[in-house]
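One letter stands for each residue in the lines below.
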Amino acid sequence: MSDAARAFHQRIDAALADRALGDALALTTGRLAGGRAAAMAAFADAEAARDEARRIRAAAIARLDQLLERFEREATARGCRVHWAETAADATRIVTAIAQEARVTLAVKSKSMVSEEIELNAALERSGVRVVETDLGEFVVQIAGDRPSHIITPIIHRSRHDVARLFREKANAAPEDVADIPAMTAFARRTLRAEFLQAGMGISGANVAVAETGTVCLVTNEGNGRLTTTLPRVHVALVGIERIVPSAADLAAVLSLLARSATGQALSVYTSLISGPRRAGAGPGPAKGGEPDGPDDVHVVFVDNGRSRLLGGPLAEILYCIRCGACLNVCPVYQKVGGHAYGGVYPGPVGSVVMPGLLGLEAWSELAQASSLCGACREACPVRIDLPRLLLEVRRQAAAKRLAPRWLRVAMPVYAAVARRPRLYRSAVAAAGLLGRMVAKGGWIRWLPGPLGAWTASRDFPAPATRSFLQQHRLRKEAAR
Amino acid sequence: MTGARGRILESIRSGLVRAALPSAEHAGVPDAKAGRGGSIEAMVERFGAVLTALSGRVHRAASPEVPALVADIAAAHGVRSFLAWDETELGCPGLLEGLAARGLARVDYRMPTDPDARIRLAQALEPIGLGVTGGHAAIAENGAVVLVSGPGRGRLVSLLPAVHVAIVSERRLRPTLADLVREEPRLLDAGSNVVLVAGPSRTADIEMALSHGVHGPKHVHVVLTA
Ligand code: SF4
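Protein sequences, first through last, are from chains A and B.
Note that the first sequence covers residues 1 to 481 in my numbering.
Note that the second sequence covers residues 1 to 226 in my numbering.
Because the hints were derived from the structure by calculation, they are not lab data.
Every residue gets a Cβ at the ideal spot worked out from N, C-alpha and C, and that includes glycine.
Be careful, since some hints might not be right.
Have a look at the derived ranges for each label pair, beta carbon to beta carbon [said to hold, decoys possible]:
#1 A89/A / P93/B: 52 to 60 Å
#2 A49/B / R402/A: 54 to 62 Å
#3 A49/B / R103/A: 44 to 52 Å
#4 S159/A / P64/B: 49 to 57 Å
#5 E10/B / A44/A: 43 to 51 Å
#6 G78/B / L373/A: 53 to 61 Å
#7 Q123/B / G289/A: 19 to 27 Å
#8 A89/A / Q123/B: 34 to 42 Å
One side only, chain B facing chain A, incomplete, derived with CB under 10 Å [as the list claims (entries may be wrong)]:
#9 L9
#10 E126
#11 T176
#12 E184
#13 S192
This is chain A alone, in the form it adopts within the complex (with noise of 0.2 Å):
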């Protein structure tokens, strides 16, 4: 085993041991993936909304180039500024150097996934910018010094206790302010309130990027995200290069799916369509006739950090992802380990695409082991991404790469051998059938000799029926006749 199998391993059997976690993350996926199931459920045309939307991301996608350059010039001629990244190193120096030229001291922030995976609140900290996370779940995340477990729920691993005794040690709060969840939820809007009132910039995400008009859309449920961009007079927008679509159309095809796919919702409560600050008057004099507030300055960063690379793979199409995080919550094995056994800032079945494609196969294609492909994220994606194949994918270039186990680098050559002679295959199967017969217990195989241990050390497998697939298949067509 590697290193890096060797952590993840660690962190799964910590997650396992855990029953707190275990009955939180039940709860929570439990509810997020019944939201889903009623939302769609109730919405007349989800499967027609399906196919359109994923038609959209994949148009989107391929002529990607085009639409980014069109963006940059509407966004442009509204009055943004458009950066572009190629690396999360170059994406926390531009903010930086925003920062730093409009010299802002505090920094309050949206939840943003593309954030956390370029780091950049430890870069501008570095840089004297003190970052605030405004999202609950984020600012909890925040002062514990911890990682969000979740691409939309973040602290699904944590209790009310926990919240309350971070609020209580971390964040000054009374014992009147932690006495319940809406006590905690107004202790943290009127200590977001005074960091919101007085930061010089704000700095999102994007849910989606619209190019026609150069807008970028943003969606909360809290609010924040408005707060964020609207009072303070900078705000920067981290785009992932791939959240782009051509129109206002495909926007709306795309927010009918989104929330309903992440928490169950119609809609989110805000949703954010910004293009470019705010716009002065005609008339001359300061800004009079002008808009009354929002920023001075919109900065967009586009991101690249491995996304087009991507693009030339066979991963391409987890590009079409639109981060709704229905994929988490009916994975088996997101509900059993948990976000932060996967190590990453993207966890469960999009993570284990993502992690490696972006970041590279040496330290975490061992993610997508952590998958039986029962396909249950295929179901649930509503852009319909092939995730098991993707997975497979993962797993194949692993092994090309001889990164897999030792044992399965031989094994696999030799079972394809086999499986290419249907007679040695069949009998192959039959002495097999037998072996695993013999060490099963109780209908389970939890233990195999040799080297095959290290595939049941982490994994449990039915014992083999009494007569193969084949032969089962073989079976009923003759009865059929």
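Given chain A's structure and the hints, the job is docking chain B with the ligand onto it.
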């Protein structure tokens, strides 16, 4: 960073040549959903049911009744001063005058460009308890009101106060967002900030327990005018 721009676009182009994308079948099918939606009454009913389920409140009133209605809402929350869009932008003639006559004081504002002055003004506006806006449209399917920023149409009005009242003509109801966009393809260019607001601010981040008013208004009233 023109170098980076060129390299990213080049990398995308060379990727697209090799891309192993599943076929992007461009259907271009005629939209079966266009034109459906039904009567204003049906949309009012749907909008009301959806927004009520989101813990918002829906009222129906003729324009002359609106000042008294808004004043009642203000009184219920113990509010004496308010933020509002300009009279011409509210779509309800006489509303501001009516509120003034009922002892409510409108606070007008314009954010300065000077950083410190800006912070001082934001802090001064924060305690104001009510904001009154005029909706550009409303969406029956999801309970959202569409607000378009512009001169006389500040964004903080629907954001800072704990209570937000939006006035929308019921003729501006549309079945879905897609319907509105089909009718107004340039909707996103109506202002630098177009926002859809579907009910009060909410969070379920702690143990999936719903609570309202975490950052935005805790109380949202939509007044549908005839
Ligand atoms: S892969 Fe699909 S289900 Fe998973 S987050 Fe992305 S869009 Fe949602």
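Against the structure, the hints come out as follows:
Checked against the hint of 52 to 60 Å, the C-beta distance between A89/A and P93/B comes to roughly 57 Å, which is consistent with it. Look at A49/B against R402/A: about 59 Å separates their beta carbons, and that is inside 54 to 62 Å. For A49/B and R103/A, the Cβ-Cβ distance of about 50 Å falls inside the hinted range of 44 to 52 Å, so the restraint holds. A hinted range of 49 to 57 Å holds for the C-beta pair S159/A and P64/B, which are about 52 Å apart.
For the pair E10/B and A44/A, the supplied restraint of 43 to 51 Å holds, since their beta-carbon distance comes to about 44 Å. Under the hint 53 to 61 Å, the C-beta atoms of G78/B and L373/A, about 59 Å apart, fit the expected range. Taking 19 to 27 Å as the suggested C-beta distance range, the pair Q123/B and G289/A conforms, at roughly 25 Å. Checked against the given bound of 34 to 42 Å, the beta carbons of A89/A and Q123/B, roughly 36 Å apart, stay inside it.
Because the beta carbon of L9/B sits about 5 Å from the nearest beta carbon in chain A, less than 10 Å, this interface hint is met. This hint holds: E126/B has a C-beta 6 Å from the nearest C-beta of chain A, less than the 10 Å allowed. The criterion of a C-beta within 10 Å of any C-beta in chain A is met by T176/B, whose closest approach is roughly 7 Å, and the hint holds. Interface restraint check for E184/B: the shortest CB-CB distance to chain A comes to about 8 Å, inside 10 Å, so the restraint holds.
For S192/B, the interface hint holds, the least distance from its beta-carbon to any beta-carbon of chain A being 5 Å, beneath 10 Å.
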